[in-house]
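There are 2 protein chains.
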Amino acid sequence: MNKEIAYGRLEALFERLNHLAQAQGMLQWDMAAMMPVGGADSRAHQLATLTTVRHEMLTGALVKDLLAAAEGEPLDDWQRANLTEMHRDWLHASVVPADLVSSFSHACSACEMVWRKARPAADFAMVAESLAAVVRLTREIAAIKSQALALTPYDALLDQYEPGGRAADIDAVFAELELFLPGFLQEVMAAQAPAPSLPAGPFPIDRQKALGERLMRALGFDFDHGRLDVSAHPFCGGTPDDVRLTTRYDERSFIKSLMGVLHETGHALYEQGLPAAWRHQPVGRARSMSVHERQSLLVEMQACRSPEFFAYLAPLLAETFGGDWDGVALRAANVRVEPGFIRVDADEVTYPAHVILRYRLEKALVAGELDVAGLPSAWNEGMTALIGLTPPDDGVGCLQDIHWFDGAIGYFPTYTLGAMTAAQLFEAAGRAVPTLMADIGRGDFTPLLAWLRANVHGHASSLSINALLIEATGRPLDASVFKDHLRRRYLR
Amino acid sequence: MNKEIAYGRLEALFERLNHLAQAQGMLQWDMAAMMPVGGADSRAHQLATLTTVRHEMLTGALVKDLLAAAEGEPLDDWQRANLTEMHRDWLHASVVPADLVSSFSHACSACEMVWRKARPAADFAMVAESLAAVVRLTREIAAIKSQALALTPYDALLDQYEPGGRAADIDAVFAELELFLPGFLQEVMAAQAPAPSLPAGPFPIDRQKALGERLMRALGFDFDHGRLDVSAHPFCGGTPDDVRLTTRYDERSFIKSLMGVLHETGHALYEQGLPAAWRHQPVGRARSMSVHERQSLLVEMQACRSPEFFAYLAPLLAETFGGDWDGVALRAANVRVEPGFIRVDADEVTYPAHVILRYRLEKALVAGELDVAGLPSAWNEGMTALIGLTPPDDGVGCLQDIHWFDGAIGYFPTYTLGAMTAAQLFEAAGRAVPTLMADIGRGDFTPLLAWLRANVHGHASSLSINALLIEATGRPLDASVFKDHLRRRYLR
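Heads up: the sequence lines are chains A and B, in that order.
Heads up: the first sequence begins at 27 in our numbering, then just goes up one per residue.
Heads up: the second sequence begins at 27 in our numbering, then just goes up one per residue.
Treat the hints as calculated values from the structure; they're not laboratory data.
Hints are not guaranteed to be accurate.
Stated by the list, open to error - Across the chosen pairs, the derived CB separations fall in these ranges:
{"no.": "1", "chain 1": "B", "residue 1": "231", "chain 2": "A", "residue 2": "233", "range": "13 to 21 Å"}
{"no.": "2", "chain 1": "B", "residue 1": "97", "chain 2": "A", "residue 2": "166", "range": "52 to 60 Å"}
{"no.": "3", "chain 1": "B", "residue 1": "143", "chain 2": "A", "residue 2": "371", "range": "55 to 63 Å"}
{"no.": "4", "chain 1": "B", "residue 1": "493", "chain 2": "A", "residue 2": "129", "range": "43 to 51 Å"}
{"no.": "5", "chain 1": "B", "residue 1": "243", "chain 2": "A", "residue 2": "428", "range": "55 to 63 Å"}
{"no.": "6", "chain 1": "A", "residue 1": "277", "chain 2": "B", "residue 2": "256", "range": "47 to 55 Å"}
{"no.": "7", "chain 1": "A", "residue 1": "121", "chain 2": "B", "residue 2": "31", "range": "26 to 34 Å"}
{"no.": "8", "chain 1": "B", "residue 1": "302", "chain 2": "A", "residue 2": "371", "range": "49 to 57 Å"}
To be verified - Negatives, chain A to chain B, calculated, CB over 10 Å:
{"no.": "9", "residue": "49"}
{"no.": "10", "residue": "62"}
{"no.": "11", "residue": "76"}
{"no.": "12", "residue": "147"}
Quick reminder that beta carbons are idealized off the backbone N, C-alpha and C, glycines included.
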């Protein structure tokens, strides 16, 4: 092994891996937004083959040697950060034996298929055995990664979605929220006025689309590097140079679709803001799925649920759909609190309780302290304690989310970490740019985007999640900022 | 090398290559139909990486040994045909040294870029040097493939597009056309009535699209396995399970777009008709680009320029666009003859002369009998002799087609072979299905599609081009069928 060139060879290899991953990203977007039903089988083969080819390239014996050799080469800080990301990719890909990866992948696909029937039937027993297999294999993988990463099994899973994240830190901030939220919820519910009435639809889909694109443009989305299309489940896909957003439309109501577009635009701005000069290297990618969620929540929940945003939006709605729109009423209709069974429909105040429940349960599942058979009753007890509602059946209870049934155990806490971090970042942006809210009120998002480019997007993966937050806001995650935000929004 | 398993390993390898090639096909469609301009650079990387990965897989030392070993294994006819196609793929990919492939690819890209400026400027001198480089490298490649395939250099190039095609055979049928066409053209021009007038536009694009999809459906296109979209240059892309057609629209005129849709639907029906059980193996692919062109010409020029088709189309046009449409006038407007400078605008009668000119010139270029510097004057002399028109400049002369400037030397004859073969296939279909034309007049294309499925599509690459034609029509290519077709259409 020629030590001098190991790092350079790794850059070439990871660039190639990146091109193939980007090809996959585009094909996944197409699958959701364009592909006719009959293309599914061929597409599955294309994607699986790309996964296999990438896995073989990444886990070949050579890569391990190159990584070791590169460690000893004289590298600058950027190269060192890049090497860290390469090592992370290699470790997560290579540490689990191929047959276990394959068993897990098949167990997840099978479980998800059963879940798609079990949920509408509200029949947990139907999917219990499949889920037990997923949990058993997840534990095996967690045990192996725990060894390799010197982390607890749960942290080893969490690390896939939130690099450097630790349950001990999450426990602390979640505990603070748990102390605060129940009393706060009571206060808000007591003070909340009845929902205002707003102009009724229908809202033609072509106008909804035009409005969405107009707001995307205002937020800074570059249509030379992306598109807006339709898919059953809205998402942000594609590549940093070609970001593909999707939404879905309902003629009877535009607000859910529009807020979805704003949410996905938050993701898109992050991708489009990654440094072009770092393109195709691991350090040039978005920091993580969890930091991505922070960007989308910052745009959707912080910037675009503010009174200033609704004041800006009201005349645009009148122009787009006709009718009489009022910013104050719009805001009142869109920042309401109402406890319910379903996480994805939850408001900002009750959402954390949904997440805390799932976080506790998945930790217990991974630790072997909770059996799959005991999940429904544990769920219902938790809902009663945390939100004060007992699900009438498992369809609106422990069967509601795809995550566990699809093998994504260790992801849930990132939603609430995301909401808290978004509040903290937005507060820092407001301190740095005193005119921020007034600018938003005029539909000028340029100062916000400039701050995000400089403080988040432009760092890509060169900083850890914690370092990124400290550089941008001056401190690690602090639950008090989120609490202040909720007080300001819901009690003033 | 375990001889027993060589063939099985090759099937696995070629299946993987096919999945990657299909991924490329989808990304190429997206590039033309969906991608924003800013995605071009990333997309070029994705496609180039896929090409490199496939090339490395196909030309690795192992494949040569496996191919040799599989030759000695006990294989059935289908496996033997599949092995022949594998060998063909491997030979064309591996016989030319990688550095020559790379030089050629760069020379073609560079030349095409210059040509894009030289054509509108009608400035042959601008591109002469770039084209000379392409021709020089083409000769080198032809010499190498000539050795490996035991063919003349020109036949070695032709073989890439028309497997098994030989210049000697083409010379014979082209000579027969050359004897026939000039006198025939005179007769047609003398007998041709003035162009009839048809209802004027505008023709709204959404209605053009709906009509195109309606006709695609009537022809047998399966929208569960494909789509119709828009691109600057219409084409048929995607994969057999997910065929992506494109067209472009002009509000002022619908016929060119519609005929383009019918042409591409001919391609699409071939892809959708390939045997599903053979999917992902080389023998299961369409026979060649040239056989593909036969399918598109059969639908566009044979089925859909018939009096019966125009009689079926007229009431659909009235329903779609309003106005008074008459099948006889429609036909008269769309099967007119008018000699001109431009191949892609040429009618069915003068088109072969355009092709014969190019065929002669490219043979001379490959043989070294013609220099690039001598091309413009040779072109103009040929046009004068064959069509009776002398181009006023090279923009409407030897600069008009992208093919040579993009490195596709050896392709041109397949257009006229395609037109002749399409006539011969259609004539055979008509003999086999006596109601064929009456069915088309009622918009029922089921019998035509059934005949094509059984006699062309269903064979995929299991037969040679000649064997396919003989099985389907009872004889090898016979210019008299095409001549009869022209006489029937233009002199009756």
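(request) Please write out, lowest number first, the hints stated earlier that are contradicted by the structure. (result) Per hint list: 2, 5, 6, 8, 9, 10 and 11 violated.
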